[in-house]
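> Chains as they are written, first to last, in the numbering used here: chain A, 1 to 168; chain B, 1 to 168.
Some hints here could point you the wrong way.
[As the list claims (entries may be wrong)] Calculated pairs, DSS-like style, for lysine-lysine (alpha carbon to alpha carbon, straight line, at most 30 Å):
1. A:Lys109 to A:Lys50
2. B:Lys123 to A:Lys157
3. B:Lys34 to A:Lys50
4. B:Lys163 to A:Lys35
[Claimed, not checked] Each pair of labels, with its calculated beta carbon distance range:
5. B:Glu151 to A:Asp148: 23 to 33 Å
6. A:Pro27 to B:Leu95: 33 to 43 Å
7. A:Glu74 to B:Asp48: 17 to 27 Å
8. B:Leu41 to A:Ala81: 37 to 47 Å
9. B:Gln152 to A:Tyr165: 20 to 30 Å
10. A:Lys163 to B:Gly166: 54 to 64 Å
For the record, the hints were derived by calculation from the structure and aren't laboratory data.
Quick reminder that beta carbons are idealized off the backbone N, C-alpha and C, glycines included.
Protein chains: 2
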Amino acid sequence: MRPEKRTTQTVPTPLAKTARRIMSTTPFAPRGDKKTIEEGLALSPKFDDKGLITAVTCDHLTNEVLMVAYMNEEAFAETIATRQAVYFSRSRQKLWRKGEESGHVQKVKYILIDCDQDALVLKVEQIGGACCHVGYRSCFYRSVKDTDALEQAQAEKAYDPAKVYGKK
Amino acid sequence: MRPEKRTTQTVPTPLAKTARRIMSTTPFAPRGDKKTIEEGLALSPKFDDKGLITAVTCDHLTNEVLMVAYMNEEAFAETIATRQAVYFSRSRQKLWRKGEESGHVQKVKYILIDCDQDALVLKVEQIGGACCHVGYRSCFYRSVKDTDALEQAQAEKAYDPAKVYGKK
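With the hints as extra help, turn the sequences into a complete structure.
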């Protein structure tokens, strides 16, 4: 008599269950214990309850923060594979291949991950010299003056969004 | 006959309702329309459905990203007022005055905000020269080698966490 078909092994904890589920659909390593995540060399990114991880994108030469965006598992894996930045647009709820409309793609030089592996830093070459849809080099073109007031930190736009994206 | 007591004005949209609620409890400006948020000089931060905004903390001289954390309205207001970084700890669900245990406080030189006002960049002087609880100068001490592998990006720890935090 043949044994009953076993499709899964016994899973002792919710963490292991989650990790195995992720392994079956993504190329990332499963989450281990705290010490392994913090001190090990396995890539075990933590995606939040919406399936996203925070990505901070910086100019690879100046370190300037250009933008903050989010990736799901698919976006992160595609970014690693293609070396061009792919995010997940929370407003449009779909993959966002940065520059697909504007041509302002981001060539990824390297990617850093933080201690608990729930945030990324991308060091990129920003094609076109500007990343922000408003027209500035960086999305961070204003500084906080007080709790209700900002001041301009980048004086000039780097390009005219109306020309790149069309009048909207 | 006295008119019925009116405690609120007519609120035409959910956005205006939210904005007014925030105004009554925080010092931030209400959210306006897209153009005002993106091109204006009112600080109208957008907190997510958990009441948090992403904060990227960088060394003010080198621009190096030191850490990514989150602030609620109280943490952000206190950071502006005291010029020392205060976050909201998601794991402990309380205000996290960075350095209160280690002494590694962050003196905030300036704060930038992005186009849609849902992410912050803090430029700080990191007292003690290191921000990460694991012991490194920055939390981003490893780089992504492949979808399941990392490599060390910072060779040496800047301090011994066991000495600063005690054996845990």
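> A separate judgement is required for each hint: does it hold in the structure or not?
So, going through the hints one by one against the coordinates:
1. Proposed proximity of Lys109 of chain A and Lys50 of chain A is supported: the alpha carbons are some 27 Å apart, at most 30 Å.
2. The straight-line distance between the Cα atoms of Lys123 of chain B and Lys157 of chain A is roughly 22 Å, inside the 30 Å bound, and the hint therefore holds.
3. Taken as a hint, the Lys34 of chain B and Lys50 of chain A pair is honoured in the structure, with Cα atoms around 24 Å apart against an allowance of 30 Å.
4. A distance of roughly 18 Å separates the Cα atoms of Lys163 of chain B and Lys35 of chain A; the hinted pair therefore holds under the 30 Å criterion.
5. Between Glu151 of chain B and Asp148 of chain A the CB atoms are about 45 Å apart, so this pair departs from the stated range of 23 to 33 Å.
6. The hinted window of 33 to 43 Å between Pro27 of chain A and Leu95 of chain B holds, with their beta carbons roughly 38 Å apart.
7. Against the hinted window of 17 to 27 Å, the Cβ-Cβ separation of Glu74 of chain A and Asp48 of chain B comes to about 22 Å, which satisfies the hint.
8. The hinted window of 37 to 47 Å between Leu41 of chain B and Ala81 of chain A holds, with their beta carbons roughly 41 Å apart.
9. A hinted range of 20 to 30 Å is violated for the C-beta pair Gln152 of chain B and Tyr165 of chain A, which are about 41 Å apart.
10. The given range of 54 to 64 Å is respected by Lys163 of chain A and Gly166 of chain B, whose C-beta atoms sit roughly 59 Å from each other.
Going through the hint list in order, the structure does not satisfy hints 5, 9.
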